[in-house]
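K.L.:
Single-letter residue listing:
There are 2 protein chains.
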Amino acid sequence: MTVKVITVGEDILGANEEKAKANKSRLDKHEVLTVNMMSSPGAGKTSLIMSTIHRMKEKVRIAVIEGDVASSVDADKVSEQGIPVVQINTAGGCHLDANMVESALNSLPLEDTDLLLIENVGNLICPNAFVLGEDRRVMISSLPEGDDKPLKYPAMFADTDVVLLNKIDLQPHLDFNTDAFKKMVTGLNSDVIIFPVSCKTGEGLEAWFSWLESAVKGKKDR
Amino acid sequence: MTVKVITVGEDILGANEEKAKANKSRLDKHEVLTVNMMSSPGAGKTSLIMSTIHRMKEKVRIAVIEGDVASSVDADKVSEQGIPVVQINTAGGCHLDANMVESALNSLPLEDTDLLLIENVGNLICPNAFVLGEDRRVMISSLPEGDDKPLKYPAMFADTDVVLLNKIDLQPHLDFNTDAFKKMVTGLNSDVIIFPVSCKTGEGLEAWFSWLESAVKGKKDR
Chain A
1 MTVKVITVGE DILGANEEKA KANKSRLDKH EVLTVNMMSS PGAGKTSLIM STIHRMKEKV
61 RIAVIEGDVA SSVDADKVSE QGIPVVQINT AGGCHLDANM VESALNSLPL EDTDLLLIEN
121 VGNLICPNAF VLGEDRRVMI SSLPEGDDKP LKYPAMFADT DVVLLNKIDL QPHLDFNTDA
181 FKKMVTGLNS DVIIFPVSCK TGEGLEAWFS WLESAVKGKK DR
Chain B
1 MTVKVITVGE DILGANEEKA KANKSRLDKH EVLTVNMMSS PGAGKTSLIM STIHRMKEKV
61 RIAVIEGDVA SSVDADKVSE QGIPVVQINT AGGCHLDANM VESALNSLPL EDTDLLLIEN
121 VGNLICPNAF VLGEDRRVMI SSLPEGDDKP LKYPAMFADT DVVLLNKIDL QPHLDFNTDA
181 FKKMVTGLNS DVIIFPVSCK TGEGLEAWFS WLESAVKGKK DR
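Protein sequence lines correspond, in order, to chains A and B. Per the numbering used here, the first sequence starts with residue 1, numbered consecutively. Per the numbering used here, the second sequence starts with residue 1, numbered consecutively.
Do not take every clue at face value.
Because identical chains share one entry, a pair is satisfied inside a single copy or across any pair of copies.
Unchecked claim - Derived DSSO-like pairs (lysine-lysine); straight-line CA-CA distance at most 27 Å:
1. Lys200 - Lys182
2. Lys217 - Lys183
3. Lys220 - Lys21
4. Lys182 - Lys24
5. Lys19 - Lys217
6. Lys182 - Lys77
7. Lys183 - Lys219
8. Lys183 - Lys77
9. Lys29 - Lys57
10. Lys200 - Lys183
11. Lys57 - Lys183
12. Lys217 - Lys21
13. Lys21 - Lys77
14. Lys220 - Lys29
15. Lys59 - Lys182
Read the hints as simulated data drawn from the structure, not as lab findings.
Next comes chain A alone, as it looks inside the complex:
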């Protein structure tokens, strides 16, 4: 975590929210549906983004912002698919913020974009408090992390629109109770939509693609 010296009285979250509103207005103007994707390290954010690009790129004009503490391996993968992408390296920072996203927006062709996927830093805690200007929040939670994660990291589960429950192909090898997991998540967040998926086998992904396509259409039809 980058530790900054902060002026007394400065309201970090308030300042971030103002900037996020400005990002949102800008994205609204261009009718870009913007999705903030959050998860633990290794839950499958990048795999999910790659699957989404492969399946939807002929129909929907996608752009991507990749947030990482270090490296640009994820952005390289996206770029190989001919998708506009900006890598944000937080240099130790544990989450993206609205300022970083503003900088990235300056380098993306918003007028030619229908869907902006933002891959946040892998972290189940800090990204939740920082809105970026997104329309929707999507969390990825994966079976190997265990079914108790909503109990132990409740805030992010409570604030998301969608939970993608990834790596369901591993179910036979794990003691993961899907019913208990769903019950905990809906207990925290009665409006959430849960999609069980496997990026490896493709199982369940069509429901996610349909939801996303509807949301993109909804943004245009406002």
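Position chain B against the provided structure of chain A, taking the given hints into account.
P.N.:
Here is chain B on its own, set in the frame of chain A:
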């Protein structure tokens, strides 16, 4: 993440290090080997602590500090084994700090403890910057998280004494390249010891127990 308003010029990390030194002196006085255990959410910190308790509690007097954003499920499991345990709930905070550990030490029987296991908050970024007064740092990284984690979260891998590579029982179902992982970790940290283990099958755990027993003995023999 809890966002605090901070007095200008306050050196958070410096203040934390001072407090950590005081914790270390106190633990040294009682010859308590103290291990700071860090990982992503769901990598297996609690399972590893439970396995260690089961295997070692007859020989070594263990105490535990459990750090979590919310809940006390982990502390409850430890307590059932008759082990002294303190739960620290960080109320949204993304890491333990030396102040929190100091409070916990006040509730533990240090004079009757040989080994203190501290389970940090599940997070691959923030806990790294905050020393607690530990003798050793141990990271748990699990196969389902992927073999690229050292590249994407380098700081924690660079600063640890031991990497426990957990969930090796899942290898047949994953594309995880153990050689590539080890090469990346030793590239960041040439002194690190890597133990491939499975808390589910017990494979590899004896090497970890032996290392830990030696370290406990080493602390007494100083």
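K.L.:
Take the hints in turn and mark each one as holding or not.
P.N.:
Here is what the structure says about each hint:
no., hint, result
1, Lys200 - Lys182, "both (22 Å within a copy, 24 Å between copies)"
2, Lys217 - Lys183, "neither (30 Å within a copy, 46 Å between copies)"
3, Lys220 - Lys21, "within (19 Å within a copy, 58 Å between copies)"
4, Lys182 - Lys24, "neither (31 Å within a copy, 42 Å between copies)"
5, Lys19 - Lys217, "within (26 Å within a copy, 55 Å between copies)"
6, Lys182 - Lys77, "between (32 Å within a copy, 23 Å between copies)"
7, Lys183 - Lys219, "neither (30 Å within a copy, 46 Å between copies)"
8, Lys183 - Lys77, "between (35 Å within a copy, 22 Å between copies)"
9, Lys29 - Lys57, "within (22 Å within a copy, 63 Å between copies)"
10, Lys200 - Lys183, "both (25 Å within a copy, 25 Å between copies)"
11, Lys57 - Lys183, "neither (34 Å within a copy, 36 Å between copies)"
12, Lys217 - Lys21, "within (22 Å within a copy, 57 Å between copies)"
13, Lys21 - Lys77, "neither (30 Å within a copy, 44 Å between copies)"
14, Lys220 - Lys29, "within (10 Å within a copy, 67 Å between copies)"
15, Lys59 - Lys182, "neither (32 Å within a copy, 41 Å between copies)"
Taken one by one, the earlier hints fail for this structure at numbers 2, 4, 7, 11, 13, 15, listed in ascending order.
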